[in-house]
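**Student:** From first to last, the protein sequence lines stand for chains U and D. Mapping the first sequence onto our numbering, position 24 (from 1) lands on 20, and the numbers just tick up by one. Mapping the second sequence onto our numbering, position 50 (from 1) lands on 46, and the numbers just tick up by one.
Derived by calculation from the structure, the hints in this document are not laboratory data. Among these hints, one or two may not hold up.
Unchecked claim - Selected chain D positions facing chain U (in silico; Cβ < 8 Å):
1) Gly149
2) Asp153
3) Gly194
4) Asn218
5) Phe221
6) Leu223
7) Pro224
8) His225
9) Gly228
10) Ser232
11) Ala239
12) Gly241
13) Gly266
14) Ile275
15) Tyr281
As the list claims (entries may be wrong) - Computed spacing ranges between beta-carbons, pair by pair:
16) U:Ala189 with D:Phe13: 50 to 60 Å
17) U:Ala169 with D:Asp14: 51 to 61 Å
18) D:Tyr171 with U:Gly149: 53 to 63 Å
19) D:Asp14 with U:Ala38: 53 to 63 Å
20) D:Phe13 with U:Glu42: 30 to 40 Å
Glycine included, C-beta positions come from ideal geometry on N, C-alpha and C.
One-letter residues, chain by chain:
There are 2 protein chains.
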Amino acid sequence: MTHTLVASATKEIIIGFDQPFCVIGERINPTGRKKLAAEMNAGNFETVKADALAQMAAGATMLDINAGVTAVNPNETEPPLMVQTLQIVQELVDLPLAIDSSVSSAIKAGLEVVKGRPLVNSVTGEVEKLEEILPLIKKYDVPVVAISNDETGISEDPDVRFEVAKKIVQHAADYGIKPHDIVVDPLVMPIGAMGTAGQQVFALVRRLRNELGVNTTCGLSNISFGLPHRHGINASFIPMVIASGMTSAIMNPCRPQEMEAVHAANVLSGTDENCSRWIKTYRDYKPANAGAPVVAPAAASQEKTGGRRGGRAARRGAAA
Amino acid sequence: MTHTLVASATKEIIIGFDQPFCVIGERINPTGRKKLAAEMNAGNFETVKADALAQMAAGATMLDINAGVTAVNPNETEPPLMVQTLQIVQELVDLPLAIDSSVSSAIKAGLEVVKGRPLVNSVTGEVEKLEEILPLIKKYDVPVVAISNDETGISEDPDVRFEVAKKIVQHAADYGIKPHDIVVDPLVMPIGAMGTAGQQVFALVRRLRNELGVNTTCGLSNISFGLPHRHGINASFIPMVIASGMTSAIMNPCRPQEMEAVHAANVLSGTDENCSRWIKTYRDYKPANAGAPVVAPAAASQEKTGGRRGGRAARRGAAA
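Here chain U stands alone, though its shape is the one from the complex (with noise of 0.2 Å):
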């Protein structure tokens, strides 16, 4: 069984096929956003706060934080930026980080300061980019999401992103680095614009799974890009890619559409021990009218973490 370990300063979290499915809250991403960026730029972190504080009252699962403010001169500006958008999030909420960015010395200077076993997020199949980054995920010993595109671009061909990963995946084994630490991204096509994308997924997911025995992740709200009612389509593609057998999704957890979904499917999936969670979030629901669902109460959400997933069991099942 493929567990992937992350860890905050205090509290461990399992990725994996038996496991809830593992949300990494996208908010704290100035790409984009344009006030964020220069609300980060002059050194004000208010909504990263906020942002912070609201994802994990919402259930999520661990942080993305990416500090991606500018295209201009990023290898200077951006690693201390990192560094201090990762410490004021480390000092504020307790959930397991991942280290965004494309530039690698922000990724670096960030694992230098991230307490427990962050994320990086991310590594592609590009020669270049895997030589910086492998020794960085060997060094630190953490997990690293690995997107399945390379110098040629991203290809449309599911078998070719398939091929990609694969590559990742015996590029880091070279440096001793385990299938269990790596996250593929498949990467997640918008269906409006490429009617099997869905299909494309599903069984790139299944071969990733059964064949690499990785976990798997997504830029989750790709798939509804251009489409109308883009809630309704992402609250039916997180069930069919966790019947897929993917185990993480980048995604805003502040959607109450979308977690009931999530949590719906951990049901289904028999990772909501006794439906417990479910029963906690759900028992109280009222409807807005038939069959609709309402902003979900966050109070049992912010339950999720604890318990069964943590310590020594968690620190077991990694080692598995």
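Put chain D on the given structure of chain U with help from the hints.
**Tutor:** Just chain D now, kept in the frame of chain U:
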């Protein structure tokens, strides 16, 4: 490719892996609806008519018709009531019907009057039942729902349920009935009582599809029995069983959350070409609050049964 053809007087529908999910409206069923049973017994079909129209408007692909109003002498009372109910419904709506009864004489009476190509619901693996129902299936050249229990009851072991389904398929072959005219119900247990119920049915549906080449169905809402906010569980179960290969379900199409999941899963399975039905249904969608769905407009849903699944293409497909 397995294609099960069902038809009303003028409309043909295919149930198949490459087709939109077949929603079999469950509402016209007096079992457990005392008021409806009393009405039907008294010759009052107003609720039957209203339920037929409402289910069609909500996007049902076909309608299940059950006339089991009494356990007292059903062999005499149920056949004429089944005939009457079928005739009333097929005058009112142009959807294929399922003749749903545990009384063989009621199924036979229904087959004599129903137009098109109805689905018979159901046969089990019990020898007596097989010998009563399969000759009717052969004589009237109609498809049948095969429920995977037999004289020994409903096994909690999914391998046993698979073997019962296989036995029914083999028994049907002796009558010259093809696997594409058998729609297996693998039996869905409540997840609240059996934590593995979801994994069981996902694995069973995959085996039924890959090893027996049959279409599948289920009583959908069984999965959430006893849990709070059942619509949330149902709405995630639908994409998960569809991802596992299920092709139809007996369910309530008047629940917007469940139907939204069906529509979205069709998009994600690639059976809603160009996402056109999704876009028609949800293009003016306004959430009640952040991420929460409201009742979806019914108009676009009604278009679902037109066009590409009907006519000669459908007939050709059914023979494939």
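**Student:** All hints, please: hold or fail.
**Tutor:** Right, here's what the structure says about each hint:
no.: 1; hint: Gly149; result: violated (24 Å)
no.: 2; hint: Asp153; result: violated (16 Å)
no.: 3; hint: Gly194; result: holds (4 Å)
no.: 4; hint: Asn218; result: violated (13 Å)
no.: 5; hint: Phe221; result: violated (12 Å)
no.: 6; hint: Leu223; result: holds (6 Å)
no.: 7; hint: Pro224; result: holds (5 Å)
no.: 8; hint: His225; result: holds (4 Å)
no.: 9; hint: Gly228; result: holds (5 Å)
no.: 10; hint: Ser232; result: holds (3 Å)
no.: 11; hint: Ala239; result: holds (4 Å)
no.: 12; hint: Gly241; result: violated (10 Å)
no.: 13; hint: Gly266; result: holds (5 Å)
no.: 14; hint: Ile275; result: holds (6 Å)
no.: 15; hint: Tyr281; result: holds (4 Å)
no.: 16; hint: U:Ala189 with D:Phe13: 50 to 60 Å; result: violated (23 Å)
no.: 17; hint: U:Ala169 with D:Asp14: 51 to 61 Å; result: violated (39 Å)
no.: 18; hint: D:Tyr171 with U:Gly149: 53 to 63 Å; result: holds (56 Å)
no.: 19; hint: D:Asp14 with U:Ala38: 53 to 63 Å; result: holds (54 Å)
no.: 20; hint: D:Phe13 with U:Glu42: 30 to 40 Å; result: violated (51 Å)
Comparing the model with each numbered hint stated earlier shows that hints 1, 2, 4, 5, 12, 16, 17, 20 do not hold.
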